[in-house]
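Colleague: One line per chain: the protein sequences are A and B, in this order.
Its first residue numbered 0, the first sequence is counted upward by one per residue in numbering that gives the first Met the number 0.
Its first residue numbered 0, the second sequence is counted upward by one per residue in numbering that gives the first Met the number 0.
Honestly, the hints are just simulated from the structure, not real lab data.
Fair warning: there could be bad hints in the mix.
The calculated DSS-like cross-link candidates involving lysine-lysine, where the alpha carbons are at most 30 Å apart (straight line), are [claimed, not checked]:
1. Lys216/A <-> Lys155/A
2. Lys120/A <-> Lys158/B
3. Lys120/A <-> Lys216/A
4. Lys158/B <-> Lys140/B
5. Lys123/A <-> Lys230/B
6. Lys140/B <-> Lys155/A
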Amino acid sequence: MGLSKEQIAERIAQELQDGFYVNLGIGIPTLVANYIPNNIEIMLQSENGLLGMGEFPTEENVDADLINAGKQTVTTINGSAFFDSAQSFAMIRGGHVDLTVLGAFEIDEMGNIASWMIPGKLVKGMGGAMDLVAGAENIIVAMTHANKDGESKILKKCSLPLTGVNCVKKVVTDLAVMELIDGAYHLIERAPGVSVEEIQQKTEAKLIISGDIPEMKFKS
Amino acid sequence: MHIGGLKMSGLNKVVNSYDEALLGLSNNMILMVGGFGLCGIPEGLIQRVADAGVKGLTCISNNAGVDGFGLGKLLEKRQISTMIGSYVGENKLFEELFLSGEMKVILTPQGTLAEKIRATGAGIPGFYTATGYGTDVAIGKETKEFNGKMYVLEEAYPKADFALVKAWKADTYGNLVFRKTARNFNSMIATAGKITVAEVEEIVAPGELDPDHIHIPGIYVQRVIKGNFEKRIEQRTVKK
Numbered sequence: 000m001g002l003s004k005e006q007i008a009e010r011i012a013q014e015l016q017d018g019f020y021v022n023l024g025i026g027i028p029t030l031v032a033n034y035i036p037n038n039i040e041i042m043l044q045s046e047n048g049l050l051g052m053g054e055f056p057t058e059e060n061v062d063a064d065l066i067n068a069g070k071q072t073v074t075t076i077n078g079s080a081f082f083d084s085a086q087s088f089a090m091i092r093g094g095h096v097d098l099t100v101l102g103a104f105e106i107d108e109m110g111n112i113a114s115w116m117i118p119g120k121l122v123k124g125m126g127g128a129m130d131l132v133a134g135a136e137n138i139i140v141a142m143t144h145a146n147k148d149g150e151s152k153i154l155k156k157c158s159l160p161l162t163g164v165n166c167v168k169k170v171v172t173d174l175a176v177m178e179l180i181d182g183a184y185h186l187i188e189r190a191p192g193v194s195v196e197e198i199q200q201k202t203e204a205k206l207i208i209s210g211d212i213p214e215m216k217f218k219s
Numbered sequence: 000m001h002i003g004g005l006k007m008s009g010l011n012k013v014v015n016s017y018d019e020a021l022l023g024l025s026n027n028m029i030l031m032v033g034g035f036g037l038c039g040i041p042e043g044l045i046q047r048v049a050d051a052g053v054k055g056l057t058c059i060s061n062n063a064g065v066d067g068f069g070l071g072k073l074l075e076k077r078q079i080s081t082m083i084g085s086y087v088g089e090n091k092l093f094e095e096l097f098l099s100g101e102m103k104v105i106l107t108p109q110g111t112l113a114e115k116i117r118a119t120g121a122g123i124p125g126f127y128t129a130t131g132y133g134t135d136v137a138i139g140k141e142t143k144e145f146n147g148k149m150y151v152l153e154e155a156y157p158k159a160d161f162a163l164v165k166a167w168k169a170d171t172y173g174n175l176v177f178r179k180t181a182r183n184f185n186s187m188i189a190t191a192g193k194i195t196v197a198e199v200e201e202i203v204a205p206g207e208l209d210p211d212h213i214h215i216p217g218i219y220v221q222r223v224i225k226g227n228f229e230k231r232i233e234q235r236t237v238k239k
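So that you can see chain A by itself, here it is in the shape it has in the complex (with noise of 0.2 Å):
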């Protein structure tokens, strides 16, 4: 059994360092803000405007013009700035968030990512993935390894239409961590009680496996 998006969103949290400013996307990214270690202090960017993303309001609070990127009612925490988008950007492209986590539909063994748009079927537009994937110097992707069928999303070749190219560093499956080094994936961890032949096999992408993969360790 793989993780929950919940597991997926815990692990990722584990890599978050005191004093860092993170831009979570929508979905499995967002879920990462419930499970931020209490002895570490960090700011939430959210790209509509604000730096210092709170939680969700209690019913007398919420508030129409405070809203997260994903459109939702949210609050402010003590500190945070609100900004217009383009300087929002500007944090963004200009390298100044230390970490961006958002989702995808495949990633590739060159680090390119396809995440915004399935030709013929969805289509919402890229909203501000192109800029944070291009922006970032430190990405995290979260998504499942392999579709229903179990085919790979971790690819040796993007198959969809690209959202940035060469950006992914590291990425939190439902059942591994893997590091994108010098064109290979590198096997770092696995889900618990899931085998290295699993992931092997639903692994399209070049894979590195050296040594015994440790499992995530979990403190729920």
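Use these hints to put chain B onto chain A, whose structure you have.
Modeller: Just chain B now, kept in the frame of chain A:
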């Protein structure tokens, strides 16, 4: 001063009707419209554009509203021939018009969209960005290497015939203050119009806004109207 056929006195930008606010609007114009999703959209101005029934519009806006609200109202009446934005989300009609080819759609990365609008207002014809390099959005565009990294040339837009924005407060001179995340694209769009119309919640006398707290100076703004806002929420999420 005459701007778009409307006689204004001195630096006073206040108009008292939506007819005056959009005097000069006609078919085939370029409109920029502020907002992120339904947050910070000029609701009354959009409604007036819908009522005016003008067609063939090029609309530059991050989103296209939702079915039946915001720019969704213009989609329903097929008033937009070209839509330029970054994310259309859950708007079913938009998706239909796009996939059927009835409406031309230019999907543009959000940061590039914001910067193109900023460049338009700032008199900068183009800029290089790494965003979109190697993807479909770079097709047909000049690329250039700087310090070992590849960048795409993105050009500014022509100035909008009408730039429609929503602000929290204005003074009668058109100085604008936005509120929270309702600022979003409104501040750049305010700078990029031949005629910028600001629909606001409150209009105060000059001097009442602290000059240190003004987000957009009135020099960019031609008309100000006090609106009534429904402020519909797209995703109402509360703490359990």
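Colleague: Need the list of violated hint numbers for this structure, in ascending order.
Modeller: Hints 2 and 3 not satisfied by this model.
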